[in-house]
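Asker: Okay, here's what each chain looks like letter by letter:
Protein chains: 2
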Amino acid sequence: MGDNTVRIGLLGCIRFASKFVRTVTQSSNAVIIAISDPSIETANTFAAANNLSPETVAVYGSYEELLDDPRVDAVYLTMPVTQRAKWAVTAAEKKKHLLVEKPPAQNAAEIDKIVEACESNGVQFMDGTIWLHHKRTVKIRETMFDSGLLGDVRHMYSTMTTLVPEQVLERLTKEAMGLAGAIGELGWYPIGAALWAMSYQMPVSVRALPSSVATNSVGTILSCSASLQFGSTPTATAIVHCSFLSQLSTDLAISGSKGSTQMNDYVIPYKEDTAWFEYTSGAKFADLHIGWNMMPERVTVDCSGNEESQEATMLREFVRLVQGIKRGDSEADPRWPEISRKTQLVVDAVKKSVDIGCEVVYR
Amino acid sequence: MGDNTVRIGLLGCIRFASKFVRTVTQSSNAVIIAISDPSIETANTFAAANNLSPETVAVYGSYEELLDDPRVDAVYLTMPVTQRAKWAVTAAEKKKHLLVEKPPAQNAAEIDKIVEACESNGVQFMDGTIWLHHKRTVKIRETMFDSGLLGDVRHMYSTMTTLVPEQVLERLTKEAMGLAGAIGELGWYPIGAALWAMSYQMPVSVRALPSSVATNSVGTILSCSASLQFGSTPTATAIVHCSFLSQLSTDLAISGSKGSTQMNDYVIPYKEDTAWFEYTSGAKFADLHIGWNMMPERVTVDCSGNEESQEATMLREFVRLVQGIKRGDSEADPRWPEISRKTQLVVDAVKKSVDIGCEVVYR
Chain A
6 MGDNTVRIGL LGCIRFASKF VRTVTQSSNA VIIAISDPSI ETANTFAAAN
56 NLSPETVAVY GSYEELLDDP RVDAVYLTMP VTQRAKWAVT AAEKKKHLLV
106 EKPPAQNAAE IDKIVEACES NGVQFMDGTI WLHHKRTVKI RETMFDSGLL
156 GDVRHMYSTM TTLVPEQVLE RLTKEAMGLA GAIGELGWYP IGAALWAMSY
206 QMPVSVRALP SSVATNSVGT ILSCSASLQF GSTPTATAIV HCSFLSQLST
256 DLAISGSKGS TQMNDYVIPY KEDTAWFEYT SGAKFADLHI GWNMMPERVT
306 VDCSGNEESQ EATMLREFVR LVQGIKRGDS EADPRWPEIS RKTQLVVDAV
356 KKSVDIGCEV VYR
Chain B
6 MGDNTVRIGL LGCIRFASKF VRTVTQSSNA VIIAISDPSI ETANTFAAAN
56 NLSPETVAVY GSYEELLDDP RVDAVYLTMP VTQRAKWAVT AAEKKKHLLV
106 EKPPAQNAAE IDKIVEACES NGVQFMDGTI WLHHKRTVKI RETMFDSGLL
156 GDVRHMYSTM TTLVPEQVLE RLTKEAMGLA GAIGELGWYP IGAALWAMSY
206 QMPVSVRALP SSVATNSVGT ILSCSASLQF GSTPTATAIV HCSFLSQLST
256 DLAISGSKGS TQMNDYVIPY KEDTAWFEYT SGAKFADLHI GWNMMPERVT
306 VDCSGNEESQ EATMLREFVR LVQGIKRGDS EADPRWPEIS RKTQLVVDAV
356 KKSVDIGCEV VYR
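In the order they appear, the protein sequences are chains A and B.
Taking my numbering, the leading residue of the first sequence gets 6, the next gets one more, and so forth.
Taking my numbering, the leading residue of the second sequence gets 6, the next gets one more, and so forth.
Simulated from the structure, these hints should not be mistaken for laboratory data.
One should not assume that every hint holds.
Any copy, or any two copies together, can satisfy a pair, since identical chains are not distinguished.
Straight-line distance between alpha carbons at most 27 Å, and here's what the computed DSS-like set of lysine-lysine pairs gives [as the list claims (entries may be wrong)]:
hint : residue 1 : residue 2
1    : Lys144    : Lys289
2    : Lys140    : Lys179
3    : Lys107    : Lys289
4    : Lys276    : Lys289
5    : Lys99     : Lys347
6    : Lys263    : Lys276
7    : Lys357    : Lys144
8    : Lys100    : Lys179
9    : Lys263    : Lys357
10   : Lys118    : Lys263
11   : Lys91     : Lys107
12   : Lys140    : Lys289
13   : Lys99     : Lys24
14   : Lys289    : Lys24
15   : Lys107    : Lys347
16   : Lys179    : Lys289
17   : Lys24     : Lys140
Okay, chain A solo, but in the shape it has when bound (with noise of 0.2 Å):
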């Protein structure tokens, strides 16, 4: 293990991460040294079914004993989004550089708290919003806003839905989900893929759509549909969407003064190998309207080697900070917690909203 390799220990030893222990292995510059669930039998089965080997990777009972392991460099976090905030805290006071899983917080108050210990503590701070490191995403960026192909955005719709069994429904809590329901836990995305087209720029006003809300019997937001509107001129707008009570559907269509662009897997693609967007730029119909002037274009990128898939892109990028840090090259970049802070902003404006009676919040 080279001095630059950054290492890496888990709070939260969940199914789901497993992926991430996998983009580790698969990764030339960072490894798993650490492991730790409130429950050690949870951890023990997580390492054996990750194959982490008890001679390099400890195997922790508690977070508090992994944060004060001083070989770990950066902690990964899964927890559930209820406790998040605290651990988060406690780690950047351990001077633990911070990968959290999406949402990272409960409200943008608990991601401030984040943010202010990171800094105090020289640690670098990223959510695992996945996506937003795809090279597909990075494609579109070039491809339909900086060579101007898209024009200005006029309309975005985004949406991430996935169905929960009816006898699940009533056990999503507030204390399992954190209070903004459905709408941190899937309108994390569709708000974030609207500030992203926007270049995070912030919306002047955002409402929940009446229509649009439901419950469970104890009060979680089980499905809401929100508009955003930017002061752009003429006006951008967003719809976005979230649902428990939809089959999956992870839609991102923008539509500009030029051109539009749509795919319907942007959150985690269809393959992990291959990944595509259609576009059309100066689409008219055809004469007669017998057909359109143009068929859309299809752009795909290539993800088939162990380092191109979104995970290992995210994770190439995080281990990049670590490292200019740890080297003293460099300072945490703040453009990670900036683009968290301001998703869980309008995430707050949605659940605001609702709790106003989808009256307009003004930001």
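Please arrange chain B on chain A, whose structure you already have, making use of the hints.
Answerer: Below, chain B alone, put in the same frame as chain A:
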């Protein structure tokens, strides 16, 4: 010309009507026998441009003359929307069957007058919403709805946007566009698509989204989004969006309890001779969330025959109904007037919501 041939006259010689002439020319049981326009020059130019021979096609300099031609069975109306209702009623009183370009009128009260005139005079009414007749539209209904692959509709998104150059936007007056502006001209499509997906169940509430409404200096609505709520359990919602400020987009996405389907060319397919839609049913993220458990399925319909385009299938349906009435075998089919009326009622509700400050309109 057999007795069974439907003899059609045109009321209005706009360039777009050439498409209809082409379709009739390719049809085996309909024929254009007369055209008319308030400007005889326009009518003569149209006849020449469309190879309509003066030996077989009468050219009239007024709608009245054409409507007084007893040989004409049916008329196709393309004059400005503000005049359609008046001429549709007059044509029905002259016992002509009616195919009226969309939107057929400026509001539901006007449509009611047309439909009453048609009923009193025993003639068929149909509006020119071509995509409803496309083989693909029929195929989606079978594949997604009838088979149960979609499950219950939970959320829909539908757009019709087309860019109008800035210097032309100011010329979009209410006299030219009708009172509902873009909502009537463009919104007709996404509103109709949502109703189609709900099998013409009407929404229980309609609301224009405040952030979405743009007008020009004379108050014509140029851009608008709206949410429709249907009285299903759980609620089904639709977001419809229309705009003259975005480049061409005609997206339709329907998300259900079991599956979802998408297409980006529902109004006019990219190509006349083929069209497709994509769907997933039972989609989930694959193990470890490194992809989906399935790729979207693409269903393609072949429309390469002369009588297979959406215009041809619409004409065939219209001719079939007219032939039945001519033979005395059947009465006018109330289904098509009802679809027009319901679509217009929702257009009117969105317009009303805009007028009252984007408050909810309960139907």
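Asker: If the cutoff is 27 Å on CA atoms, where do Lys263 and Lys357 land: within, between, both or neither? Let me know, please.
Answerer: neither (34 Å within a copy, 30 Å between copies)
Asker: First find the shortest C-alpha distance between Lys276 and Lys289 inside one copy, then the shortest across copies, and answer within, between, both or neither for a cut-off of 27 Å.
Answerer: Classified as between: cross-chain Cα gap 12 Å, same-chain 32 Å, threshold 27 Å.
Asker: When no copy is specified for Lys107 and Lys347, does a C-alpha distance of 27 Å or less occur within a copy, between copies, both, or neither?
Answerer: within (13 Å within a copy, 43 Å between copies)
Asker: Please sort Lys100 with Lys179 into within, between, both or neither, judging by C-alpha distance up to 27 Å.
Answerer: Cα proximity of Lys100 and Lys179: none, with 30 Å in one copy and 65 Å across.
Asker: Is it within, between, both or neither when you check Lys179 against Lys289 at 27 Å Cα-Cα?
Answerer: Only across copies: Lys179 and Lys289 sit 24 Å apart there, 48 Å inside one copy, limit 27 Å.
Asker: When no copy is specified for Lys91 and Lys107, does a C-alpha distance of 27 Å or less occur within a copy, between copies, both, or neither?
Answerer: within (15 Å within a copy, 59 Å between copies)
Asker: Cα distance capped at 27 Å. Does Lys144 pair with Lys289 within a copy, between copies, both, or neither?
Answerer: Cα proximity of Lys144 and Lys289: in one copy and across copies (24 Å, 26 Å).
Asker: With identical chains treated as interchangeable, where does the CA-CA distance between Lys99 and Lys24 reach 27 Å or less: within a copy, between copies, both, or neither?
Answerer: within (25 Å within a copy, 72 Å between copies)
Asker: Pop the pair Lys289 and Lys24 into one bin, within, between, both or neither, using alpha-carbon distances up to 27 Å.
Answerer: between (44 Å within a copy, 16 Å between copies)
Asker: Within a copy, between copies, both or neither: which one fits Lys140 and Lys179 at a CA-CA cutoff of 27 Å?
Answerer: neither (35 Å within a copy, 47 Å between copies)
Asker: 27 Å Cα cut-off: does Lys107 pair with Lys289 within a copy, between copies, both or neither?
Answerer: Answer is between; shortest inter-copy Cα gap is 19 Å, intra-copy 40 Å.
Asker: I want to check one pair: Lys118 and Lys263. Are their C-alpha atoms no more than 27 Å apart within a copy, between two copies, both, or neither?
Answerer: neither (41 Å within a copy, 40 Å between copies)
Taken one by one, the earlier hints fail for this structure at numbers 2, 7, 8, 9 and 10, listed in ascending order.
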